[in-house]
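Work the whole structure out from these sequences, hints included.
Protein chains in written order, with this note's numbering: chain X, 1 to 469; chain A, 1 to 469; chain B, 1 to 469.
A few of these clues could be false.
Claimed, not checked - Using C-beta positions, here's what the derived DEER-type ranges look like:
(1) A:Leu136 - X:Gly299: 36 to 42 Å
(2) A:Ala236 - B:Gly321: 39 to 45 Å
(3) A:Arg232 - B:Thr133: 43 to 49 Å
Simulated from the structure, these hints should not be mistaken for laboratory data. This structure is a prediction, so every number in the text was calculated from the model and none was measured. Cβ atoms here follow ideal geometry from the backbone N, Cα and C, with glycine treated the same way.
In case you want the letters, here they are:
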Amino acid sequence: MGLIHEDRLFPADPTTRAIARRLYETVKDLPIVSPHGHTDPRWFAENEPFPDPARLFVIPDHYVTRMLYSQGVRLQELGIATRDGSPTETDPRRIWRRFAENYHLFRGTPSRMWLDHSFATLFGLDTRLSAETADLYYDTIADHLARDDYRPRALFERFKIEVIATTESPLDPLHWHGMIRASGWSGQVITAYRPDPVCDPDFAGFHDNVRQLGELTGCDTGSWSGYLEAHRRRRAFFKSFGATSTDHGHPTARTADLARADAEALHARVMAGAVSAQDAELYRAQCLTEMAGMSLEDGLVMQIHPGSWRNHNPLLFDRFGRDMGADIPSRTDYVGALKPLLDRYGNEPALTVIVFTLDETTYSRELAPLAGHYPALRIGPAWWFFDSPEGMKRYRDLVTETAGFYNTVGFNDDTRAFTSIPARHDVSRRVDCGYLAGLVASHRLDEDEAFVVARDLAYDLARKAYKLD
Amino acid sequence: MGLIHEDRLFPADPTTRAIARRLYETVKDLPIVSPHGHTDPRWFAENEPFPDPARLFVIPDHYVTRMLYSQGVRLQELGIATRDGSPTETDPRRIWRRFAENYHLFRGTPSRMWLDHSFATLFGLDTRLSAETADLYYDTIADHLARDDYRPRALFERFKIEVIATTESPLDPLHWHGMIRASGWSGQVITAYRPDPVCDPDFAGFHDNVRQLGELTGCDTGSWSGYLEAHRRRRAFFKSFGATSTDHGHPTARTADLARADAEALHARVMAGAVSAQDAELYRAQCLTEMAGMSLEDGLVMQIHPGSWRNHNPLLFDRFGRDMGADIPSRTDYVGALKPLLDRYGNEPALTVIVFTLDETTYSRELAPLAGHYPALRIGPAWWFFDSPEGMKRYRDLVTETAGFYNTVGFNDDTRAFTSIPARHDVSRRVDCGYLAGLVASHRLDEDEAFVVARDLAYDLARKAYKLD
Amino acid sequence: MGLIHEDRLFPADPTTRAIARRLYETVKDLPIVSPHGHTDPRWFAENEPFPDPARLFVIPDHYVTRMLYSQGVRLQELGIATRDGSPTETDPRRIWRRFAENYHLFRGTPSRMWLDHSFATLFGLDTRLSAETADLYYDTIADHLARDDYRPRALFERFKIEVIATTESPLDPLHWHGMIRASGWSGQVITAYRPDPVCDPDFAGFHDNVRQLGELTGCDTGSWSGYLEAHRRRRAFFKSFGATSTDHGHPTARTADLARADAEALHARVMAGAVSAQDAELYRAQCLTEMAGMSLEDGLVMQIHPGSWRNHNPLLFDRFGRDMGADIPSRTDYVGALKPLLDRYGNEPALTVIVFTLDETTYSRELAPLAGHYPALRIGPAWWFFDSPEGMKRYRDLVTETAGFYNTVGFNDDTRAFTSIPARHDVSRRVDCGYLAGLVASHRLDEDEAFVVARDLAYDLARKAYKLD
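Below, the structure is given as structure tokens:
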């Protein structure tokens, strides 16, 4: 039987499934275009082996650790480092066993699909992970990781990644990206400009970050004009490392379009020290509109990822820091929030603003109607918790009738879990082929068109929307 | 193959599809009852030929122009008239070609289904519209439009429209309706009372409109009692042209039930000139409750269409005016908003208030529970962006279990796109038959009952809810 | 044919249906665990026959009466008692006929499924209820109700109820529960602690209730510490009658974690008399966090049922009182609202807080992400209007991918309609088996695992989450 079935995720109805298979056959081997994600460029720069199964699959994957935590497993038992240095599990095999004996918790989740896909296709495993098979798994994976053809670059090539974007702070020297380029390796790893550390007054170290931004660029970031100029220079620097996009992870989608003098005054207040919640929100809002303006100048595609309440669990944050699975979606408004930016730049066909959501109610009510009207706006794929079979189906069902396919931008894996990348793209291709097969089976789309759209969704739209051509 | 398939929109599962076919067979030829829409009564009064394919299918259809606009086509290229008279495309064939070469944008949208249905059933076209077939389409359609049997009245009869309601302002003299009646033609074209121009202080020309309302009726609309009496007289006038309903298109569903003196004071403030946003909202809210009271008196069915943020794109509005595809849904509350009206009139079985929504989250959370309780309340069909196969399925899935079928009111095409009317009713009948077939196949409804309900949804409920009998 | 089909609610696709059947076969006869509901303990204490068909199926069932009311049937015609004693129908057969002749209104609703299930399995009826069969139904049911094997305890055993929880106020002496225990009957009927009457300042008679709470416990409920101590004592008393849970039905999910002095001052203000809306909300909020703390002490599982706008219809409330079908869901926030409680207790694996919702938008956006992270949090099953086939499907589709199965707690029938209990559990088992069959058919779950999960959802999770072992 094996861990993964060749018909997985296809609709059960035989007619529809047959169409889905035909469509999938033509897209399954297309190269992977990964225009947005969080892999570590250092992997590709140094090309060191991944250390062990626990450090590859458990410790860094907040999907995995959050589920285990929700069922009473302590993060220390999973080897998560504590901020105060208090003890944590260090034996990767013990961590792995703890994971394995709780593997039933992942039934019905996308994590289960991604993990099984990796286990089967990368490590040739064909019995289910469990307490009983934990050591077999551990040994098999560990053996493979020691091999040269399991180093990051080899996997990159095995995965047929045509291009992958990482995400860096404006303060990042892009050292690893430089090293990749200097190495002569042909793998295309590009960066993306993520200025939250200098755009969000609530970001840890914000004032220091803005000061550093000034130092890096030789601009007076104490003034609004110097601050904006510093952004322009870093964007140009990022472009020189292949960046075609920026990314903005704000608590809300709010934008603002202040008069110049008001923006200057706001900047001065924000720089002066303690920032009110209201000013912080307004500053982020103004930054988004400024970034849109710069995108119109320099051509970088703008991504907005709003609506995550970061670090919702203060106890966990104090003990372990960020990205511990305690980021919770919240209700998000777009229609009012994006209006200042859209009023200014929404009618520009030369600008691309890709908006994501963690509030699925906005697909049909807000995002599809907005993207189905404004030339500058596109809808990003189902994100984070919704990068899942049912999440993707809801996305297509809720978006397509109003926005069509061509106001969407293909798939983002958006992951730091490197081995899950082929699995995630495969899920997306299968679900989209299943969706298209449903349209064909109900005679809403001709089959010859479905082949075109299947390829668009799997490959062409991502290249085009992110200007990767 | 052809453009439309006889099994389109039916569920793929063979058992369920067979049931859907059987149900559909019994409703597909029922006459069309169109109790709410925006066709132009002048068409039926003058019975002039439709001018050309572009003016029939492209220029007036904001579903079509918004999608093209979202992908970078300028509205001038589509022949949309500018407000300042600056040049716009005038050659209908060039407009048609631009539409045709972008027809792939409509894949998966209801517009595609409606258009293909018209192309196939009205003009005998059987190859897909594209750049290549643009001229064939243009010539074929143009030839037909020149024929007497393609004039508005002939199409009305061909479509088997039993009754159609248009929508007019209280200031409308109903000239075209008078001409239709005077002509002796048997087609039943009735009006509906849409008092937004005199109920919404934010409506363009509001103060002038209220003044005109006074002149038309001989009432002193400067006073609250005179204003209300003017409504009563215009409603009676509309009834004399067959009206059985009113319609209210407000930004929110808010209602109010002010004490008489407070309402009078509000009216005085509103009439005095510059109206605050708060007063404007309160005035609209009070008007809704007054209209409900008048409906209880004169029997007109009341429709509320809230939740559209009109003219969200100011640049487009300045250049081209209203109804350019820039109306965006917004989050809408009903439970609190409707309470003042319901507190006053919700328990009246003799009153019918039909509520629509552009916020699908309210179907199961608010509208079905409200309509499943209040005798005066009914839920209108899936509206606007949701007048689509998936939109209709969600509607039934989310509404039926709490409100049943008999607190819904059948289908509204709600369109100004005349040729799409049979297509839209056909989509609705197919989707409803598919939904019912699903209930039968999963043994939640007996098949003999499904035949009754299919007819109710396609025909009887609309006649009954809108008092068309 | 009969009223109920053996394959009802299973997916139509033959492959998927066959899997669903196999799964269902293994869970259909499992005992019923009913950890939360509103049956009357007096039934089981006195074991008197149910009086007549109308008083069993119509008068007390607000699902039934609300639908009839929404279509113009007056509550007096259904035998609902008026508060002022004005006349109401008293002939149960006439009430039954009125219900029967309107039975078509329930097409497509869960009430129809529950009723048909009872009619068929309890009373052997096999033709549909209608005006024509009303008397046949009435006589058949009435005859059965007179039999000893249709008394409450006999039905309890026939239904294979392993344990059922009722819900009582802290002021309830638990007389009937005592009588059940004293009787020697083996049926396990336990209570649950529902302190709304003394936690919600807006509850009718609140001040009196708090005073009574003091008298019952010998605590000075005028002081905050005495008030809290009184809760502790009543909770212990409830535990002595088998309670394993508390339940909290607040208008919102808001929680608070005030400093001791602030809580004391709030209590003093609330006790002093007229309570502001703000204080009432804060008091409820603080109570929830206190209850969570006590649950950590005494082990009672905490349930929160927020988001119902009670008695939305004041006219009906004035005439007939509470629970007349006029409770309407409202938009509910959890991410911000629960934060104070979660900040304090969310990381405690020894605490179980089960949260319910009437706002389905929160399943994927808020509840699954929260429950998929916080060890103390679980998601209750689809509730009230959503205790329905489509409601349950949406629940699984929206919850599982983020929270898995093991952050859910099995099924609650949550009903006062005793005879509907087997029907409701059967619906839940069928829908869950259908859902699991879908995962198996699309190769997202192995069939051997599906058997385990089917049993978990039907039986084990409820016992475990509610600490019934």
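Cβ distance range 36 to 42 Å for Leu136 of chain A and Gly299 of chain X, holds or violated: 39 Å, holds
Within 43 to 49 Å: is that where the Cβ-Cβ distance between Arg232 of chain A and Thr133 of chain B falls? 48 Å, holds
Quick one: are Ala236 of chain A and Gly321 of chain B within 39 to 45 Å, going by C-beta? 41 Å, holds
When held up to the earlier numbered hints, the structure conflicts with none and fits them all.
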